[in-house]
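Peer 1: Protein sequence lines, in the order shown, are assigned to chains G and Z.
Every number in the numbering used here is 6 more than the matching position in the first sequence, counting from 1.
Every number in the numbering used here is 17 more than the matching position in the second sequence, counting from 1.
Note that these hints are calculated values from the structure, not bench results.
Cβ coordinates follow ideal geometry from the N, Cα and C atoms, glycine included.
Some hints here could point you the wrong way.
Said to hold, decoys possible - Quick list of the computed label-pair ranges, beta carbon to beta carbon:
hint	chain 1	residue 1	chain 2	residue 2	range
1	Z	LYS108	G	LEU145	35 to 45 Å
2	Z	VAL37	G	PHE240	57 to 67 Å
3	Z	GLN227	G	PHE345	53 to 63 Å
4	Z	GLU50	G	SER52	28 to 38 Å
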Amino acid sequence: MINEAANPGEKSFYQVSTNKHTGILSWLLTVDHKRIGIMYLIAILSFFLVGVVIGLFMRWELMFPGKTIMEAQTYNTLFTLHGVIMIFLFIIPGLPAIFGNFFLPIQLGAKDVAFPRLNLLSFYIYVIGAILVLVSLFLPGGPIDTGWTFYIPYSIRTSTNVSMAIFAAFILGFSSILTGINFVTTVHRLRAPGMTWFRMPLFVWSTYATAWIQIIATPVIGITILLVIIERAFGVGIFDPALGGDPILFQHLFWIYSHPAVYIMILPAMGVVSEIIPTFSRRTIFGYKQIAYSSLAIAFVGYLVWAHHMFTSGMSDTSRWIFSLLTFIVALPSGVKIFNWVATMYKGSIDPQVPFLWVMSFIFLFSIGGLTGLVVGALATDVHLHDTYFVVAHFHYVMFGGTGTIFFAALHYWFPKMFGKMYNKRFAVISVVLFFIGFNMLYFPKFILGYMGMPRRYYDYLPEFASLQLVSTIGSWILAGAIFFVVGYLIHALYKGKKATANPWGGVTLEWHIASPPPMENFHEIPTITHEPYDFSQLKEMKYGE
Amino acid sequence: MASNIEATISIEQQAHRDDVGARMGMWLFLFTEILLFGGMFLIYAVYRYQYPDQFHLAGMELNTGIGTLNTIILLTSSLTMALSIAAIQKKNKALSIIMLSSTLLFALLFMVNKFFEWSAKISHGIFPGSKELLEKQNGEILFFGLYYVMTGLHAFHIIIGIVILTFMLVFLIRNKITSDNYVKLENSGLYWHLVDLIWIFLFPLFYLIQ
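Just need the whole structure built from these sequences, with the hints factored in.
Peer 2: As structure tokens, this is what we get:
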């Protein structure tokens with residue numbers, strides 16, 4: 007098929023500008039999907055680190071009972087900011103905007119996304135949203151303290167800068183919608199000849215499903231946020247019980263978006279897992295179509311389960327058990343994926359390289375997160391566990407242990423391709439181990455604390471919770487240490503790392519057929535696809551290992 | 018050498034044109050617009066179910082005459098919009114410009130009417146947070162709240178439409194939109210029809226429920 011790598015003197019996309027400018031402007035005004043992906047990486051990773059630091063301060067405060075380092079109001083704003091930054095600035099855009107932008111067109115055999123200029127626009131909308139979040143911290147009135155869910159009526163009563171911060175979330179929603187539209191159109195219109203729907207890599211499938219949720223769900227939060235802002239400014243009464251409005255209606259509308267949003271977060275991660283496992287097992291994926299369809303099934307059913315966040319808010323019994331049933335159903339396609347991944351490894355020739363270790367850590371953490379999700383998805387247990395640390399632990403196991411871990415897996419898997427450099431593998435193994443230990447120390451005690459009755463978002467706690475809280479805080483140091491270690495050796499690798507080959511792992515999807523880092527237009531001519539996506543017999547044609 | 022490569026690349030990128038893709042992107046965007054208003058219609062449905070009598074009562078206070086006039090204006094503007102696209106397809110640039118200009122004119126007319134309608138309401142003391150409104154029942158407060166938010170959001174879309182169509186008019190005059198490259202005009206038309214369509218639902222829900 008294609009043999010693009012053998013072209014030694016070729017310039018990479020770093021060396022060729024897409025516009026008439028050079029230097030910083032050639033980046034800021036670029037329409038190249040790879041450069042936009044890198045800019046997203048820098049922005050999103052920075053906000054992630056800010057979120058981590060805020061989390062560290064929260065854990066520090068909770069190290070001992072009573073006041074440790076900050077006032078209660080500061081703690082309220084910190085947990086709100088931690089949520090807003092991690093959710094709206096890191097984990098929702100994280101995988102699609104960085105790796106989707108960089109690899110979706112390449113994996114389809116295309117030269118760019120369908121609307122390159124729109125792509126740049128959505129990056130700037132993201133930046134504007136991020137700046138608004140930061141500005142809202144310093145305006146009079148003080149930073150937002152409602153929690154990232156902005157529940158009414160508190161969010162229309164508090165005097166803090168709610169309007170500005172949630173307007174930022176509204177803006178960020180636009181960025182998400184535009185990215186979604188761009189990706190759906192790209193998948194429909196720009197597949198290379200021979201790239202049929204069922205020859206698309208599974209990362210493309212899951213990004214495609216994600217893009218649909220971004221399109222379908224985000225406008226609902228958009229209008230909800232607008233209404234809260236209007237409510238605060240004019241007192242229209244739509245959500246205000248004093249004027250006949252219904253605060254529960256706000257919760258419904260909020261979760262109609264925010265529950266599908268967790269699938270925006272997790273689906274691309276599942277796609278990355280489906281890339282990494284075949285590559286390091288040297289075996290075609292088990293149940294390709296089932297994994298592809300299960301992405302769509304998750305996207306569809308995930309849209310209909312929102313009210314399981316509201317079992318204790320006041321709903322009819324009928325709707326409670328329907329939503330609980332639907333919640334259990336959405337666990338099925340996720341289970342399908344887990345079993346298919348494990349079956350892919352069976353009788354494979356497993357090469358436990360760094361990205362694979364991250365994926366192993368993901369499967370362990372995500373399974374715990376998923377199974378505890380069933381505990382809070384069941385009506386009777388949820389009444390006991392609602393709004394406790396148990397929910398916090400479940401959420402972090404799914405989102406951080408799931409998507410966050412895969413963010414690092416994807417970074418380690420594609421780093422050589424994106425930057426043309428290889429990192430220190432020994433450091434990388436140490437960081438996975440530290441991450442895994444720190445993660446479980448930080449979040450597992452929260453399951454127990456929640457079960458014992460520790461409510462979430464509390465500034466202080468009873469003395470009997472002290473020892474587990476302390477363990478959790480120590481875990482946060484190990485985890486943060488691992489994260490900063492990763493960032494450190496990756497930055498070091500950018501300057502001092504060994505040059506990476508075109509195909510360091512023996513992958514067979516299209517990105518491994520081209521040079522590292524890719525040339526400006528990805529492919530010299532649009533390739534014709536003749537293989538299934540994970541057909542490792544191609545490695546011979548690609549002269550891998552020779 | 019490097020500048021050579023850059024030159025060819027930028028030419029190739031300009032040459033890439035995919036009208037089907039552009040239309041698909043536009044339809045997806047319109048879909049998000051429907052969901053945006055869908056949230057509002059959902060809220061309307063919930064409160065109308067909760068306060069049917071008070072919605073009825075409050076609906077009596079709206080001016081059906083102005084509402085009908087605006088409906089006719091918007092429907093006509095959709096017609097001229099469609100005719101403008103048909104004209105450019107048939108290579109009749111002059112007619113296309115006339116039709117697009119009349120669409121813009123109708124849009125402005127709609128906004129003028131809206132302005133008088135809202136100012137009349139406000140001068141009667143009916144606006145969110147006003148003393149008169151707060152003395153009314155909850156259902157009526159919600160009706161007028163929804164009335165201002167939904168028709169306001171719709172009017173905001175009209176204003177954006179006016180801006181977009183003005184750009185299209187300039188493109189038409191400067192031959193950026195031609196008989197074999199009119200997807201921009203077509204997409205703007207799609208947007209305009211959607212704004213019209215939303216009004217067709219707003220009109221009976223607010224003006225005709227008496």
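Peer 1: State for each hint whether it applies.
Peer 2: Here is how each hint holds up against the structure:
{"no.": "1", "hint": "LYS108(Z) with LEU145(G): 35 to 45 Å", "result": "55 Å, violated"}
{"no.": "2", "hint": "VAL37(Z) with PHE240(G): 57 to 67 Å", "result": "43 Å, violated"}
{"no.": "3", "hint": "GLN227(Z) with PHE345(G): 53 to 63 Å", "result": "59 Å, holds"}
{"no.": "4", "hint": "GLU50(Z) with SER52(G): 28 to 38 Å", "result": "32 Å, holds"}
Consistency note: the structure conflicts with the earlier hints numbered 1, 2.
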